[in-house]
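**Student:** As you go down the protein sequences, you meet chains A, B and C in turn.
Here the first sequence is numbered in our numbering, starting from 1 and rising by one per residue.
Here the second sequence is numbered in our numbering, starting from 1 and rising by one per residue.
Here the third sequence is numbered in our numbering, starting from 1 and rising by one per residue.
Certain hints may be false.
[Unchecked claim] Derived lysine-lysine pairs resembling DSS-like cross-links, with alpha carbons at most 30 Å apart: (1) Lys145/A - Lys398/B; (2) Lys143/C - Lys175/C; (3) Lys178/A - Lys27/A; (4) Lys58/A - Lys84/A; (5) Lys67/C - Lys145/A; (6) Lys175/C - Lys125/A; (7) Lys72/A - Lys27/A; (8) Lys298/A - Lys143/C; (9) Lys2/B - Lys27/A; (10) Lys145/A - Lys105/C; (11) Lys125/A - Lys58/A; (12) Lys2/B - Lys398/B; (13) Lys58/A - Lys145/A; (14) Lys175/C - Lys105/C; (15) Lys145/A - Lys304/A; (16) Lys72/A - Lys145/A; (17) Lys143/C - Lys67/C; (18) Lys72/A - Lys178/A; (19) Lys298/A - Lys27/A; (20) Lys184/A - Lys72/A; (21) Lys298/A - Lys67/C.
What the hints contain is simulated information worked out from the structure, not anything from laboratory work.
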Amino acid sequence: MNETQPGQGGRAGDGGPQLTRRGFLRKGAAAVGGAAAVAAAVSPLRDLPGDDLPTFEKFFQRHYKEMTPAEKEAVLRRVEREVKEREGVEVRVGDPPPLTGVEFVYALNISRCIGCRKCVHACVKENNLSRSPEIQYIRVLKMEKGSIDLETSDHHYDPPVVPEHDSYYMPVQCHQCKKPPCVKACPVEATWQEPDGITVIDYDWCIGCRYCEAACPYWARRFNFAAPEVPAGQLNPDMGYLSNRPRAKGVMEKCTYCLHRTRRGRMPACVEVCPTGSRKFGNVLDPDSEVSYILRQKRVFILKEEVGTVPRFFYYFDERGSRYHEPIAPVEPGTADGEAGT
Amino acid sequence: MKRYLTFVWDCVRLSFVGDWRYHLWMTILTVVALLGLYAYCQQLVHGLVTTGMTDQVSWGLYIANFTYLVGLAAAAAMLVIPVYVYRNMHLHDVVVFGELLAVAVITMCLLFVTVDLGRPDRALHLFRRFNFPISMLTWDVIALNGYLLLNLHICGYLLYCAYCGRQPARAFYVPFVFIAIVWAVSIHTVTAFLYVGFGGRPFWNSAIIAPRFLASAFAAGPAFIVLTLQIVRRVTRHRVTDDALFTLRRIMQVAMIINIFLLGCEVFTEFYTDSAHVASARYLYFGLHGRSALVPWIWTAIAFNLLATFLLVLPASRALRTLNTACVLAIVGIWIEKGMGLIVPAFVPTPLGEVVEYFPTWGEIMVCLGIWAFGLLLYTIFVRISVPVLAGELTYEKRYGVQAP
Amino acid sequence: MGKSPAEPTMTFARVDQVRAVAVPLVLFVLAGLLATGPWPFVSPVAPATLVPVWATDPTPVRRPTLKPEIQLAGFTYRCSDCHRLFPSPAETTRSLTQHAHIVLKHGINTRCFNCHHLTNRDVYVDDWGREIPADQPQLVCAKCHGPVYRDWLHGSHGRSDGYWDTMRGPQARRKCIECHDPHQPPFPPMPPAPPPNTLRMGGQTRREDEHRAEDPLRIYRRMLAPDQGDDASISDDYRAMSAEVDP
Chain A
1 MNETQPGQGG RAGDGGPQLT RRGFLRKGAA AVGGAAAVAA AVSPLRDLPG
51 DDLPTFEKFF QRHYKEMTPA EKEAVLRRVE REVKEREGVE VRVGDPPPLT
101 GVEFVYALNI SRCIGCRKCV HACVKENNLS RSPEIQYIRV LKMEKGSIDL
151 ETSDHHYDPP VVPEHDSYYM PVQCHQCKKP PCVKACPVEA TWQEPDGITV
201 IDYDWCIGCR YCEAACPYWA RRFNFAAPEV PAGQLNPDMG YLSNRPRAKG
251 VMEKCTYCLH RTRRGRMPAC VEVCPTGSRK FGNVLDPDSE VSYILRQKRV
301 FILKEEVGTV PRFFYYFDER GSRYHEPIAP VEPGTADGEA GT
Chain B
1 MKRYLTFVWD CVRLSFVGDW RYHLWMTILT VVALLGLYAY CQQLVHGLVT
51 TGMTDQVSWG LYIANFTYLV GLAAAAAMLV IPVYVYRNMH LHDVVVFGEL
101 LAVAVITMCL LFVTVDLGRP DRALHLFRRF NFPISMLTWD VIALNGYLLL
151 NLHICGYLLY CAYCGRQPAR AFYVPFVFIA IVWAVSIHTV TAFLYVGFGG
201 RPFWNSAIIA PRFLASAFAA GPAFIVLTLQ IVRRVTRHRV TDDALFTLRR
251 IMQVAMIINI FLLGCEVFTE FYTDSAHVAS ARYLYFGLHG RSALVPWIWT
301 AIAFNLLATF LLVLPASRAL RTLNTACVLA IVGIWIEKGM GLIVPAFVPT
351 PLGEVVEYFP TWGEIMVCLG IWAFGLLLYT IFVRISVPVL AGELTYEKRY
401 GVQAP
Chain C
1 MGKSPAEPTM TFARVDQVRA VAVPLVLFVL AGLLATGPWP FVSPVAPATL
51 VPVWATDPTP VRRPTLKPEI QLAGFTYRCS DCHRLFPSPA ETTRSLTQHA
101 HIVLKHGINT RCFNCHHLTN RDVYVDDWGR EIPADQPQLV CAKCHGPVYR
151 DWLHGSHGRS DGYWDTMRGP QARRKCIECH DPHQPPFPPM PPAPPPNTLR
201 MGGQTRREDE HRAEDPLRIY RRMLAPDQGD DASISDDYRA MSAEVDP
């Protein structure tokens, strides 16, 4: 090549002339141009939101399972402080430990589900899910009678009233599987299964590779593609570190059976709001619980059983649903029928 | 040590020196790479919403390119097999170009994975809690980085010895070469196993994915090398014999035929079974519920692959123009089928039966082009350095006038 | 192949000068272009869907008082206030003069006194004519709806609000008439809450594939009711049955 030729605009080759002023200027101009171009290329980073930059404590924060109780306390207070600064709302972030002798199981009566989607929105409100972009942990599938093939399902039904003729409804959310493929997939152990059966995510540990999202057979995991937006007035201040405290962009999240509620003995939000009582929740290790009764007595099945995930979410059906009757007048929701004694 | 630093410094200086075509090429690549960097910085600010990925299709162009390039990296080192195992000396001089391509391409792979992360600032978490051996991604991290180090060592050692004007000691590189052969197969197998192990994605949950990966990699890799060697032949003083190209052609012939055969196996299994599990294949080849964005792509890819195979099998492909056409067809066809024909259809329909299509955004495309440009930049620099060094034109002795200590 | 790489087409010095200027120039132009922030990101995120307040309201659809009372013109009366004075016929085949808005569509249960006590209107009646207090409506329903009542007792039918762990807090089992209108018990249809609108969802109108057009169930439905398209249903039998009784 040409490296040995003089005046070549390069620095001295083997034994060629020393660096000339012209050569220096040329090289200098190119170098400065290069540096300027690189600086301009990274200039969008000046718009990086302040709380996106990792702070010293966040960078060195340990994995949830490795934190000492004192460290956890500090982290909880930090999260509360951040929410106060960002949203101006006082919140309480707790970290309820799993209860002993408890394995949470969910049962859903598809004879009774009418597909009203109240569970979806109650969950959104309870768990501080992003409104835009919209993230919803629960997806209600309208299924054709006669088929359990999920590919025939319609997720976007919006008729004047539900339930619709010849359809049944199957809400799907995280099944907290006993053999979770998402936990297998995660390369940094940001998601794991707790002793009470709930698969949780450490939002401060997740690297956002979305491998778990590809692994889930029930499409139960969500990713924050953009910074999640929750209107400040709708923030639920009762938060759990592993469940509904505010997440950042770039991390995964999913249904946690409202562990900030259920580990304190309360029902998840979706169970409480269901108007037909289709959703049942409880401790399967307790033989007197509703879910134990259902698993013993009802015709129970699980979704995609052949995939071998052993979910803790059971669908069941009983004697009759609200299908075989004459159409009756719908009620406007939110109004109660306050007639005498009845 | 001082000698090593001198070596590095001389290489750096040499990479800025060249004729006008070299500088034009490098400037174009630099511009594209910087535009890609700009797009990536926008992605860092706003999040992955700048891409076309969604919860329904959560992997897209980045992972598609990553998959393709892992194959390319694996195949680059497969040039080594004819030389070191079968003593086919036609390829002896070009082995180093294959290894250097492997280094550049693996760097591109690592960059593609990094830009796909939602929180790249937490990449160090991989070192603090590593879910090995359960998570296939951890295997992939080890495989790719190990392969990078292997090839860096082999090429670096050979170049450094040439620079110092001494014969490389076989013990320092030949065992690594053989390890690299096995490792090359394993990086692509491990990448295939990333996808294969999911029961919830029946499109991927097939044993044929890994063999198909290898077959298509061994077709696309040599195709890339064939084109690169002809460029090297044209712009440098390095001699590349036609025999080398024809040996690569042989490798491509076999690999493409196996690839087509495996494609046939896959297509038959899917469409003869015709169960609900083949919804993704149906989406890819024919469209599903009225959505058919990928259909023209896959049929183009199949046409390209068939045409490339046909051309390669003909004796007419001994003529370089036909061979080059076949190579380009193979490279593009395999890129489409491995990228859009493998990654995206597994997400359509979602495990719950929803159909949401994926369309890459301009920001995403720009980042991909930027990484490709950066990889080509690296490879050009490597070739630029290695040709004179290996030819003995740039040595310590010539630079400093004394024998290397 | 042509000239060797060491002989450019233009004179050496000329090319060299052009190159020496062009490369930094290109880089500075690029720097200037990128510094202006071209191609700003336009967010595809849709604004939040308006969600009605009732969509997150866990209050049951009915809020019965569970007391034998009625509100008339702003006053509260016990049922027996009127029904002690004015006798009601034992059979109920004529139209109601009071409580006219009650429509009895309880399937084959067309007799008021199956549930209501014959003489004491403050209570319900069981199978042996004994009184069931007004705040225990589930005992009335249990007379006929045995399996559902059994399920309700075990918790698998109907709503329970509050705590799953009754050691930590109360659990309120909703009684039958808090969801079911006793005179028209089927749970009434209601409008659904808004459907999902996720990021870059695309239009979600379905077009059925021919692939499943010859599904046997669809063929069967078309056979049953050719004029209804795919909406045929075996509920026609029930429809016919309930049309025989008086409203």
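**Student:** Any hints from earlier that this structure breaks? Give me their numbers in increasing order, please.
**Tutor:** Hints 1, 3, 5, 7, 13, 16, 19, 21 are the ones this structure does not satisfy, whereas the remaining hints hold.
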